[in-house]
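> Dock chain E against the given chain B, drawing on the hints supplied.
Line order of the protein sequences matches chains B and E. Counting in the working numbering, the first sequence runs from 1 upward without gaps. Counting in the working numbering, the second sequence runs from 1001 upward without gaps.
Errors might be hidden in some of the hints.
[To be verified] DSBU-like mimics (lysine-lysine), calculated; alpha carbons at most 35 Å apart, straight line:
#1 B:Lys286 - E:Lys1018
#2 E:Lys1018 - B:Lys160
#3 B:Lys234 - E:Lys1107
#4 E:Lys1094 - B:Lys160
#5 B:Lys152 - E:Lys1094
#6 E:Lys1127 - E:Lys1176
#7 B:Lys234 - E:Lys1067
#8 E:Lys1094 - E:Lys1018
#9 B:Lys160 - E:Lys1125
#10 B:Lys286 - B:Lys121
#11 E:Lys1018 - E:Lys1222
#12 E:Lys1176 - B:Lys155
#13 B:Lys234 - E:Lys1105
#14 E:Lys1224 - E:Lys1003
#15 B:Lys234 - B:Lys155
#16 E:Lys1120 - B:Lys155
#17 E:Lys1222 - B:Lys160
#18 E:Lys1182 - B:Lys286
#19 E:Lys1120 - E:Lys1067
#20 E:Lys1224 - B:Lys160
#21 E:Lys1182 - B:Lys82
#22 E:Lys1127 - B:Lys286
Everything labelled a hint here was simulated from the structure, so no lab data went into it.
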Amino acid sequence: MLSAYIIHLLILIGIYLILCLSLQLALGYTGLLNLGHIAFYAIGAYTSALLTLNGVPFIVSFLMAGIVSALFGYLLAFPTNKLKGDYLALATLGFTFVIYAIALNWTDLTNGALGLAGIPKPDLGILQIKSNASYLFFVSIIAVFSYAIINKIVKSPFGKVLEAIRDDELAVRTLGKNTFKIKSYSLAVSAFFAGIAGSLYAHYISFIDPSSFGFMQIIPILSIVIIGGIASLKGTVLATIVLVLLPEPLRFIGFSSSVVGPVRQIIYALVLLLILMYRPKGFYGKVSLE
Amino acid sequence: MIKIKNLQSGYNKSQVIKEIDMSFAAGEITAIIGPNGAGKSTLLKSIFNLCDINSGKIFFKDKNIKKLPTYDLINFGISYVPQGRQVFTNMTVKENLEMGAFVFKEKELINKNIEDIYRKFPILKQKQNQNAATLSGGQQQMLAIARSLIQNPELLLLDEPSLGLSPKMMKEVFAKIVEINKRGVTVILVEQNAKQAVEIADKTYILENGTVALVGGKEILKSKKIKDIYFGGV
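This is chain B alone, in the form it adopts within the complex (with noise of 0.2 Å):
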């Protein structure tokens, strides 16, 4: 049997991957650098806990957490449509700090800085997941289900459209498309897997509030993109595995636990750096990062 720790460290890898490979698809295929995809993990979350603590069934929570995020990511592709590189990387980290604020200070809705405890594991109806380890075969099932999706998505012709706007947007609009109209898509669909990742974090911590999804967060993520690789889901899977387990042994050397948060960022950052220095398209990506 899989001890408790370990089914733990694999259900986080199910979740992050879910929420990388949502960020894959709108940084490293579509080039948008979208600096606000914790925003969206934060309204998939919030919106899967405030209706399920509402007497709302998991299953509607957990589609509602992934269409309300997705909602959000369609409407900001209107204010960012012109936007590009750091400019939209600014802009969406702008909304990574609207969400938190909101988070924080409409508490009659999300209990403001107290949080919102007692969110139930899910119950499926005719199955009911109590414990982490039939909750790790749920993640499984859904970070599976997402990869496949995703990796559908970006090798249909869709997704080579896609990448032709990362790569030259004016081009492909002299070519008949109307980019904004598609990225507008990219977004809401990465928004859509961010929001459900969001409400398996959710429904797995049982307890959520605004520190969990504040911009630091992004760092992380971001890192696994680009350590994986611009437009790799492979590389993705595997940037995830490493990430999520390299600071893992920090545990067992007695640092205490309000050490181990910046050093973990602190080893995220050296090993972004180092990736950047002698490999830059990271493990297997197809692009360099420009």
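Here is chain E on its own, set in the frame of chain B:
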């Protein structure tokens, strides 16, 4: 086929094209030449709705297309090859062509059109699985033109297709433009290489400071005006 009336266009508040009237006949090659900054590329971008049109009208087959979005113009039979080729260098030759062909929904039609293109551009068939970045400048230009032709346009807008090409390659590209025109495609050709462009064109416009300085046939090369514009009257 295409008529431009009182066109004023540019980028934001900067006006590049100043009150231009032009007409382009179906089945002809029309060259647009002039010094840098004359507004040649902006004129093509105006037709393809890639810049800001402040006033005026653009008629394509008697329909005002001024406010049509770029992605709709393809359906009207207009294709545009931008300056600098802009092929997708992370994709193969075939994938680049597929990008142009995705306006068609059926896979069979996409493949048929790509096969048609291979017959017209045999070099692209030879290199279909090669990355576009590995093609020479001339081959990349051929690919950019082929990618636009795959949409079966009636009107092809070409922005400086000879840019950065060797004289031999330039000759091949111009020969290909004539061949495309002979198949019934109307061509508007913006060029810095005035002599080559005028030689293959049925009609030539010379632009200067966003206005039409002169219009004529092949004799335009001998005009005093062209010497004034290009050589300052020397």
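> Would you mind marking each hint as holding or not holding in the structure?
Hint check:
A distance of roughly 45 Å separates the Cα atoms of lysine 286 of chain B and lysine 1018 of chain E; the hinted pair therefore is violated under the 35 Å criterion. A hinted pair counts as satisfied when its Cα atoms are at most 35 Å apart, and lysine 1018 of chain E with lysine 160 of chain B does not qualify at roughly 39 Å. For a cut-off of 35 Å, the pair hint linking lysine 234 of chain B to lysine 1107 of chain E stands: about 28 Å separates their Cα positions. Note on lysine 1094 of chain E and lysine 160 of chain B: the hinted pairing holds, with a Cα-Cα distance of about 12 Å set against a maximum of 35 Å.
This hinted pair checks out: lysine 152 of chain B and lysine 1094 of chain E have alpha carbons roughly 20 Å apart, not beyond 35 Å. With a C-alpha separation of about 18 Å, the suggested pair lysine 1127 of chain E and lysine 1176 of chain E falls inside the 35 Å cut-off, and the hint holds. For a cut-off of 35 Å, the pair hint linking lysine 234 of chain B to lysine 1067 of chain E is broken: about 44 Å separates their Cα positions. Our distance criterion of 35 Å between C-alpha atoms is broken by lysine 1094 of chain E and lysine 1018 of chain E, whose separation comes to about 41 Å.
Of the pairs offered as hints, the one joining lysine 160 of chain B and lysine 1125 of chain E holds, with about 20 Å between alpha carbons and a cut-off of 35 Å not exceeded. About 39 Å separates the Cα atoms of lysine 286 of chain B and lysine 121 of chain B, which puts this hinted pair outside 35 Å; it is violated. Restraint check for lysine 1018 of chain E and lysine 1222 of chain E: the C-alpha separation of about 26 Å stays at or below 35 Å, so the hint holds. Taking the CA atoms of lysine 1176 of chain E and lysine 155 of chain B, the gap is about 33 Å. The hint holds against a cut of 35 Å.
For the hint pairing lysine 234 of chain B with lysine 1105 of chain E, the CA-to-CA distance comes to about 30 Å; that is within 35 Å, so the pair holds. With a C-alpha separation of about 27 Å, the suggested pair lysine 1224 of chain E and lysine 1003 of chain E falls inside the 35 Å cut-off, and the hint holds. Note on lysine 234 of chain B and lysine 155 of chain B: the hinted pairing holds, with a Cα-Cα distance of about 13 Å set against a maximum of 35 Å. Taken as a hint, the lysine 1120 of chain E and lysine 155 of chain B pair is honoured in the structure, with Cα atoms around 28 Å apart against an allowance of 35 Å.
The straight-line distance between the Cα atoms of lysine 1222 of chain E and lysine 160 of chain B is roughly 49 Å, outside the 35 Å bound, and the hint therefore fails. Of the pairs offered as hints, the one joining lysine 1182 of chain E and lysine 286 of chain B is violated, with about 41 Å between alpha carbons and a cut-off of 35 Å exceeded. Taken as a hint, the lysine 1120 of chain E and lysine 1067 of chain E pair is honoured in the structure, with Cα atoms around 33 Å apart against an allowance of 35 Å. Proposed proximity of lysine 1224 of chain E and lysine 160 of chain B is contradicted: the alpha carbons are some 51 Å apart, above 35 Å.
The suggested pairing of lysine 1182 of chain E with lysine 82 of chain B is violated, with an alpha-carbon distance near 40 Å, which exceeds 35 Å. At roughly 20 Å between alpha-carbon atoms, lysine 1127 of chain E and lysine 286 of chain B fall within 35 Å of each other, so this suggested pair holds.
Hint compliance for this structure: hints 1, 2, 7, 8, 10, 17, 18, 20 and 21 are broken, all remaining hints hold.
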